[in-house]
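Chemist: Residue numbers (my numbering): 1 to 125.
Derived from the structure by calculation, the hints contain no laboratory data. Quantities reported herein were computed from a predicted structural model and do not represent experimental measurements. Every residue gets a Cβ at the ideal spot worked out from N, C-alpha and C, and that includes glycine. Treat the hints with care, since some could be wrong.
Unchecked claim - Computed beta-carbon distance windows for the label pairs:
| # | residue 1 | residue 2 | range |
| --- | --- | --- | --- |
| 1 | TYR39 | GLN78 | 17 to 25 Å |
| 2 | GLU19 | ALA81 | 19 to 27 Å |
| 3 | MET41 | GLN78 | 24 to 32 Å |
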Amino acid sequence: MMVRRFHDGGSMTETEYLEKIESAFAWIEAQVDGWNQSYDMVIETGRHGPVLETEFESGQKIITNAQAPTQQLWMASQYGAHHFVLTTEGWLDTRGAGLFEQVFASHASRLASVDCAPKGRTEDF
1 MMVRRFHDGG
11 SMTETEYLEK
21 IESAFAWIEA
31 QVDGWNQSYD
41 MVIETGRHGP
51 VLETEFESGQ
61 KIITNAQAPT
71 QQLWMASQYG
81 AHHFVLTTEG
91 WLDTRGAGLF
101 EQVFASHASR
111 LASVDCAPKG
121 RTEDF
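Please work from the sequences and hints to get the whole structure.
Modeler: The structure is reproduced here in structure tokens:
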């Protein structure tokens, strides 16, 4: 499958990149709100500049941050770190782990000990 990377060749402006990051962060916040309601638990999010922390009841976190110089979206938890590039398919892991929404939900499910199924896509927010 041929996947076009938007970040190659400077085809995405900084403003466009930051809009995509904002959409990804809004998607995370919407997922967390939904999971909190569905599972009667408390997961909190907090923004600190280009970083979004998602903290679970156990105190464990998923850290998501913008990497403007490379136009990537980075995510890390105790279960691993991932770098995502924007493609025609969405934010895709550079090492083949899949789309951001699936990887984030997988880490969240493990940290929350419930099935945190993703709903929607980051570009929908």
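Chemist: It remains to establish, for every hint, whether it holds in the given structure.
Modeler: Hints and how they fare:
1. Taking the beta carbon of each, TYR39 and GLN78 are about 20 Å apart, inside 17 to 25 Å as hinted.
2. Distance hint check: the CB atoms of GLU19 and ALA81 are about 24 Å apart, consistent with the given range 19 to 27 Å.
3. Range check, MET41 to GLN78: Cβ separation about 18 Å, and the 24 to 32 Å hint is violated.
Hint violations for this structure: number 3 only, all remaining hints satisfied.
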